[in-house]
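Q: Sequential numbering of the sequence shown, starting at 1, is according to full-length UniProt numbering.
Any given hint might turn out to be false.
What follows is a list of derived Cβ distance ranges for each label pair [to be verified]:
no.	residue 1	residue 2	range
1	V2	A75	15 to 25 Å
2	Q109	T56	49 to 59 Å
3	G70	V2	49 to 59 Å
4	V19	A40	30 to 40 Å
5	V74	L20	20 to 30 Å
6	M1	N24	29 to 39 Å
7	A61	L20	51 to 61 Å
8	L93	L5	19 to 29 Å
9	A72	D28	33 to 43 Å
10	L9	L39	28 to 38 Å
11	V19	Q109	19 to 29 Å
Since the hints were made in silico from the structure, they are not lab data. We put the CB at the ideal spot given by N, CA and C, even for glycine.
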Amino acid sequence: MVGGLLVALALSIVQLSLVLHVRNVLVDAAASGARYGTLADRTAADARQRAEELITASVGADYARDIRVGHADVAGLRTLEVRVLAPMPVVGLLGPAGQMEAAGHAPVQ
């Protein structure tokens, strides 16, 4: 009985680590996409494509299905915002869609 409890605890810790890893990947991809999209010769479509490529390479295409790019005002600055809505990994990488949200901003030059 104690062994089963320890296995359940270990699997819970592994799953929590996976959720945090996916969240960090999404935040990093959104921020990288936003920075890429604000370069002089790039557009908002390039920002979306960059974020999609990074997410697909890291955690899979299911997590890159809903990426929104737009402009936002942050602390009085006009920024390019990349927002990613992705599934919350509940069991492995499987889970309900649209439960995790990550955003990245970069000032428009």
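Q: Hint by hint, say whether it matches the structure.
A: Now for the hints, and whether the structure bears them out:
| no. | hint | in the structure |
| --- | --- | --- |
| 1 | V2 x A75: 15 to 25 Å | 52 Å, violated |
| 2 | Q109 x T56: 49 to 59 Å | 27 Å, violated |
| 3 | G70 x V2: 49 to 59 Å | 52 Å, holds |
| 4 | V19 x A40: 30 to 40 Å | 37 Å, holds |
| 5 | V74 x L20: 20 to 30 Å | 25 Å, holds |
| 6 | M1 x N24: 29 to 39 Å | 35 Å, holds |
| 7 | A61 x L20: 51 to 61 Å | 21 Å, violated |
| 8 | L93 x L5: 19 to 29 Å | 25 Å, holds |
| 9 | A72 x D28: 33 to 43 Å | 19 Å, violated |
| 10 | L9 x L39: 28 to 38 Å | 46 Å, violated |
| 11 | V19 x Q109: 19 to 29 Å | 35 Å, violated |
In the structure shown, a violation is registered for the earlier hints numbered 1, 2, 7, 9, 10 and 11, in ascending order.
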